[in-house]
Amino acid sequence: MGELALLVATRKGAWIYRSDDDRRAWRADGPHFLGHIIHHLVLDPRDGRTLLAAAKTGHLGPTIFRSIDLGRSWSEASRPPAFPKAAEGEAGRAVDHTFWLTPGHASEPGVWYAGTSPQALFRSEDCGDTWEGVTGFNDNPAYAGKLGGTQDGTPDGAKLHSLLVDPRDANHLYLGMSGGGVHESTDRGKTWATLIDGMEVVTGFDASQWAFHDPHCVTLCPSNPDRLYQQNHCGIYRIDRPSNRWQRIGRAMPAEVGDIGFPIVAHPRDDQTTWVFPMDGTDVWPRTSPAGKPAAYVTRDGGESWHRQDNGLPGDGAWWTVYRQAMANDTCDPVGLYVGTSSGAVWASTDEGEHWRPLAEHLPAIYAVETAVLD
Amino acid sequence: MNVLIPSALQSYTGAAEVEAAGGNLAELLVALDERYPGIRFRMVDEQDRFRRHMRCFVNGTQVFDLARSLSAEDEVIIIQALSGG
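Residue numbers (my numbering), protein chains in the order written: chain A, 1 to 375; chain B, 1 to 85.
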């Protein structure tokens, strides 16, 4: 296996941490793009060396930076994700930021997908240099006027996220929207179907309307692509295709913790195992660790039961949050887990969450953490 | 004409001031983008609106319309808005 790396995207730049063989010592490379808001930094697993970074600043518009030498040098996408120019007299939409990046199917080298805020889907066929809107989604009449603007949904805009490509079929795609549920395409984005049955919504809203659903993060089990797990604004779910109905498996979480959070991570080899990192979703939604006591929770039986994992994490007084892109796993045995916090720390576990230790501290607020195996 | 570039965009130009030409603001921005690829989209969105925290002044007057005509003697200043903090 190549060198294991951790790709950390923050509100003020990006860092790449490179590991030794036993994942104990990590060497920091960064900051890259100091001062830029980096929403996602992702390696192309198909070549082990191409990195894409979704960037903007408080003043400057959004762009995509690309590196083909593991971050030693960067170039800017010649055509970043952008909507078409609107007809005269129409307001038209503008991309505020690219939020999510996903490499395409293994059979489609050079293909990437991007999710943006306002919610829209873009695809690149040339390793992220130029991007086109996926018109089957962005211009779909069923979605018209319901995809939100930058002032809707979460504090800095509703986001299209959790772009998933079925490893068995390049045409089979899933996506989540923080203002709009889970959707599926089986024809590479030309047409879409909603996948919200069984998902709950905030009291008072109509669960039959996809626009009222708020999935926070959806993941597909690498060992069983027919099984997906979802951390939602309203609980933790599992679905086993071809069923179209989600089951709320978070009911088995301890009542004092609840089943609200942002991230969810699936075990690379065991579809019964998944991890979440709960947050406080009571009254005004503090979105902090419940009671200031952060912990991961793991299920090893598909959601029938959950086990708290807080050994090494602060036992009290830790009021941070782990955002939806800020929890990741490696594929080692035992699996390594990594969480980046809103307070700028990275915590790591090399034993599937049983013990945690700090890997990095004093970074800016962390938006995303990804693992990568470098060529 | 002389165009003043804010610090956030000098990674594109390598300078705080550049010379560029255009019959109006839209043409000027296209000319800048041809010479410094990518710079325009950081300032102006895909609907040809200046981004929320970017400002453009021509001869000391703020300009919003890209159709604003320009002459070689004009001075264009692009700045980052004072957005608090």
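In case anyone wonders, no lab produced these hints; they're calculated from the structure.
Since this is a predicted model, take the numbers as computed values, not measurements.
Take the hints with a grain of salt, since some may be wrong.
Partial selection, computed: residues in chain A whose CB lies under 8 Å from chain B [to be verified]:
1) T57
2) G61
3) T63
4) R72
5) S78
6) A82
7) F83
8) A87
9) G92
10) A94
11) L164
12) D166
13) P167
14) T191
15) A193
Cβ atoms here follow ideal geometry from the backbone N, Cα and C, with glycine treated the same way.
Next item on the list: Give me the numbers of the hints this structure contradicts, sorted from smallest to largest.
Entry: Of the numbered hints, 4, 8, 11, 12, 13, 14, 15 do not hold.
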